[in-house]
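Novice: Fit chain B to the supplied structure of chain A, relying on the hints for placement.
Here the protein sequences line up with chains A and B, keeping their order. Position one of the first sequence corresponds to residue 1 (my numbering), numbered consecutively onward. Position one of the second sequence corresponds to residue 1 (my numbering), numbered consecutively onward.
Bear in mind the hints are in silico, worked out from the structure with no lab data behind them. Since this is a predicted model, take the numbers as computed values, not measurements. A hint or two may mislead.
Partner residues aside, some chain B positions facing chain A, computed with beta carbon under 7 Å [stated by the list, open to error]:
(1) Val19
(2) Ala108
(3) Gly111
Reference excerpt, derived from the structure (chain B facing chain A, CB under 10 Å, subset only) [unchecked claim]:
(4) Thr75
(5) Ser95
(6) Arg115
No residue lacks a Cβ here, since even glycine has one placed at the ideal position from N, Cα and C.
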Amino acid sequence: SQQGEEDPQALSIQEGENATMNCSYKTSINNLQWYRQNSGRGLVHLILIRSNEREKHSGRLRVTLDTSKKSSSLLITASRAADTASYFCATGSGAGSYQLTFGKGTKLSVIP
Amino acid sequence: GAVVSQHPSRVICKSGTSVKIECRSLDFQATTMFWYRQFPKQSLMLMATSNEGSKATYEQGVEKDKFLINHASLTLSTLTVTSAHPEDSSFYICSARGTTGGVYESEAFFGQGTRLTVV
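Chain A with its partners taken away, still in its complex shape (with noise of 0.2 Å):
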């Protein structure tokens, strides 16, 4: 079942912007991912956060971590019109299969 929820659905910002998107989730996680997906194209893997962690950084990629609220936030710094595609949050929980529960993903446009 999905249990993540990404806000805003979509977002539209001028080239050189931040762009911030949320995921809430609703239940205990091992870790939660962030994915990007152009459209009709497969997934690719942003960045990775465990349960015990509050704060990664990759690139131009900042993930935070709220357990206590179930909350993570994506946050693109100086976009790019590359960076125009849907971004999915997906909940890692349990051991053994490792299933992913996606969210349904904001859908960001960097207008040049």
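Specialist: Only chain B this time, still in chain A's reference frame:
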């Protein structure tokens, strides 16, 4: 990072025929592979989880006789859509997780997806 290859990327088939989609982990062994389905402008819905050498575990509401999954080796899983109908048209994506204790254990690596159109 690890590479997962999914083939074909696009397929058009006639109603009533069967279609096989392959998912291969190219540079690592995948104990577990996952099959997802994505409708336009929607998120990914897990269909089934397959472990090498054992039967797949299907999510509620997914017909196992219609979506046959075979995970015969640590590098290959196949999804066969049997007797396809137009409502089966969708984007199918696989992912693979590396073996326990291995370098690629912590992430699930995704294939590029297969766009299935049933006419």
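Novice: So which of the earlier hints does this model not fit?
Specialist: When the structure is compared with the hints, numbers 1, 4 turn out to be violated.
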